[in-house]
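Below, each chain spelled out in residue letters.
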Amino acid sequence: MTAITLPAPGKPARRSPRHPYRAALASARGRVGLALVLPVVLAGVLAPLLAGHSPTDQSDLSLAAPGTPGHLLGTDDLGRDLLARLVYGIRADLGIIALAVPLGALLGCLFALLAATHPAVDTAVQRAFDLVLAFPGLILALAVTAILGPGRLPVVLVIALAEIPAFGRLLRTGILVEREREYATAARVGGASPARVLTRHILPNAVDPLVVQIAVSLTVAVFIEGAMSFLGVGVRPPQPTLGAVLSQSMPYLADAPHFAAGPLITVTALVLGLSLIAEALNREIRR
Amino acid sequence: MTASALLEVRGLDVEFTAPDGTLTRAVRDVSFTLDRGETLAVVGESGSGKSTTALALLRMLPGTGRVARGSVLLDGQDLAAADEAELRRVRGARIGMVFQDPMTALNPVLTAGAHLDEVLRAHGGRDKAARLARAVELLDLVGIPDPERRLDDHPHRFSGGQRQRILIAMALAGEPDVLVADEPTTALDATVQDQILTLLGDLNRRTGTALVLITHNMGVVARACERVLVMYGGTVVEDGPTAEVLTRPRHPYTAGLLAAVPRLSAPSGTRLAGIPGAPPDLSVLTDGCAFADRCAFTEDRCRTVTPPLVTLTTRAASGEGTVRVACPPATSRSAPLPAAPPPARIDRPRPGAVVLEAVGLRKTYRGRGLRGRPLTALDDVSLTLAAGETLGIVGESGSGKSTLARVLAHAHPSDSGTLRLDGVDISRPSRRELHTVRRRIQMVFQDPYASLNPRMTAGQIIAEPLHAFGIGDRSRRAQRVEELLLLVGLDPSAADRRPRSFSGGQRQRIGIARALAPEPSVLICDEPVSALDVSVQAQIVGLLTDLQRDLGLSLVFIAHDLAVVRQVSHRIAVMHRGRIVETGSADEVCENPADPYTRALLAAAPDPVPPARHREPRSTQVPA
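Protein chains in written order, with the numbering used here: chain A, 5 to 291; chain B, 13 to 636.
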């Protein structure tokens, strides 16, 4: 170490490297997304405090207009308080998607890791994914319900099942790309075991797209749950969900539009908000 | 500022705005002129603002870049103030551009003819037959053989050099007055580079098109241009006739850069003189000279006053000329700056017994698709490596040198052949044997950006092999990381930072520290300096040779630049199409090459010593 001059200890990072997720949520897109999603989530979480009525209690006021004393959003055809049905509906929805999406993500990632171990396993896993993807979501839903009967569990399973290939494929692609990067070769030459290369080096660099996918999947889950309840193969009545309330309101759309308005606005806010958050995350990660 | 100047740039400032509002002044107060038919090289290292200057001429700046101040006068018309419609009339028609990467610059679904036709139509060629005839003429002009037939070929049918020729033909289609070529040969092999430079020189003489050649390579400057503009930190530091600037540099940066360029004529074991430190951070706006922190002649005024370009008269053998230099200490002195000390020799011990031996290595990659032909990357490669020896491996892209590196380091298995480490056969190691082999043979990678895991800190990256080989406990490992950082010339505090906060040279030091962590006896360096700037390259090469001396390492040093390889290597092996065509002592191979391919490589290597005027263009044909 004689002739070369020691370089100055590197410049401190110019901009504090803000975490991309936080930066995404702080962007305009992310803020609007949060502003749409957070009130809905809060309404669901605080449902027992906000409702004032039980969502299944019937009164003799049927199809009361919004603003009726005691019923802020009015009542449905059976005289149940619509505010209570809306917030409890949100609560039921959130409960389902908060369980189903992480379950689908987890299983999808496990399959992707499994596929990364050997080309033969990879082929098997990919064909299994093809099989699931070959069924349109609602056919899958009907098939599962036909076996298990309607209820909460089938909805969770259908959503999870539909999400497994999405997460599995995405992580598999990430692993395949990152595995060819020079740092992965460097880790192998450095003596790291295949499992360590995969978990310590490749996986942390391949997860970013999964975060975006979670936001996208939450949107899809809201749709699937709504569609299943709408078709009557979801959570059983009289338990309210957004899809169920919407389905119930259909015959009265001309006479009592306020009946459908609550769940419609809520689903729109959730889907739009989650999409905006997904897009914000995506942009930040790809920078 | 002659009246006949074709292009005159005055006080050009280019700024980029980061998303968080930070302003980066990539180009600061750049002024120069270009005469009709002149060849001007703009030379500088990464971040010097040379490409940004070129793009700013036609206001083609990417992203948030904008011309903040100054003017670009083309025959008196100010392009910096022109509107988009006016600029479109200038682009291609009066100023043509050629970019760096010929592989991605052509649309793969369009034929060469379609590319040319499109440009010709844009320049007002109405008659289809006339456009076709002109396209053939242009291809012929840039030296594509059999132009009529090749018009219908798609880009993938052309080699990299031919694609660059097509791009040059496209740039010339509008018969521009100026051709701006941004690193036109950087992505090409030396022999092809030589052909393209010859072509550009020819075109300049035959069509009178002025040439602005952006490059980082001093050899290219010497080979292709009459005048050179040296840029550093977004400013022009020196501007003058190539012969004058390259032989009698006035600015300390030019002098340092020239000293750092490896010369093919220097014998093996010559130490390269690097410039200490790293290029400046342009977002930190300061007055004073951008080079002050790395300069040996810095005075107080250098840090406070932005040095103006001062015009000096020179008396070279070729007659009187003027040189502009932005360095008060250099210009206020009558004599040029003291010349660099003669290159030092590296004292290295004699190589010992053979450590690594390869016999008859073969590696074939499966072709793509059903009928894809297999690609032979290694064809019967045999070599030996002694303790404390450096074996240089030279070759152009596709010669199989990177595959050889990976096979030697057991990153890829070979198809057949034998590898022996200390006489023990390690060609087909079991898992446990592989673990021991890997501890002995480590690798340094080409790309210091891609080869470090961006999610880990420098300390974690260096400790990774220690962890993998189960060396030491937690505190012992931390201590070893600190030792290694010091060994490669980094501050131990660097351990907590992630790769992105280091410069290219510093990252490569981290890569070397990682390779040294398990105390290997063989270090395989795959193009360890080709992604680095010249001044930093010298630092890393110096580090590797010092480490070899101090630790008794055996090095395999792979590079495409013969001059670097000659200086670090005891012996050189020349690779061509998967075979080693020549092996011998470094000086012997460079001075008395036996193989025609080696001779072609040597002839094509650009040397930063300005050539005699008006010499005949050389032809360097690669033997098939």
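There could be a bad hint or two in this list.
Claimed, not checked - Ranges of calculated distance between the beta carbons of each label pair, as one might list FRET restraints:
| hint | chain 1 | residue 1 | chain 2 | residue 2 | range |
| --- | --- | --- | --- | --- | --- |
| 1 | A | A138 | B | K140 | 20 to 26 angstroms |
| 2 | B | T376 | A | G153 | 54 to 60 angstroms |
| 3 | A | L118 | B | R467 | 30 to 36 angstroms |
| 4 | A | P261 | B | D95 | 40 to 46 angstroms |
| 5 | A | R131 | B | R100 | 50 to 56 angstroms |
| 6 | A | A30 | B | R81 | 52 to 58 angstroms |
| 7 | B | G75 | A | L118 | 40 to 46 angstroms |
None of these hints come from the bench; they were simulated from the model.
If you're wondering where the values come from, they're calculated on a predicted model, not measured in any experiment.
The beta carbon of each residue, even a glycine, is placed where N, CA and C say it ideally should be.
Hint check:
Distance hint check for A:A138 and B:K140: the Cβ-Cβ separation is about 50 angstroms, which falls outside the suggested range of 20 to 26 angstroms. Checked against the hint of 54 to 60 angstroms, the pair B:T376 and A:G153 passes, with Cβ atoms roughly 59 angstroms apart. For the pair A:L118 and B:R467, the beta carbons lie near 23 angstroms from each other, so the given range of 30 to 36 angstroms is not met. As the Cβ distance of A:P261 to B:D95 is approximately 53 angstroms, the hint placing it in 40 to 46 angstroms is violated.
Between A:R131 and B:R100 the CB atoms are about 53 angstroms apart, so this pair conforms to the stated range of 50 to 56 angstroms. A hinted range of 52 to 58 angstroms for the beta carbons of A:A30 and B:R81 is inconsistent with their spacing of about 33 angstroms. Taking the beta carbon of each, B:G75 and A:L118 are about 41 angstroms apart, inside 40 to 46 angstroms as hinted.
Hints 1, 3, 4 and 6 from the earlier list are contradicted by this structure; the remaining hints agree with it.
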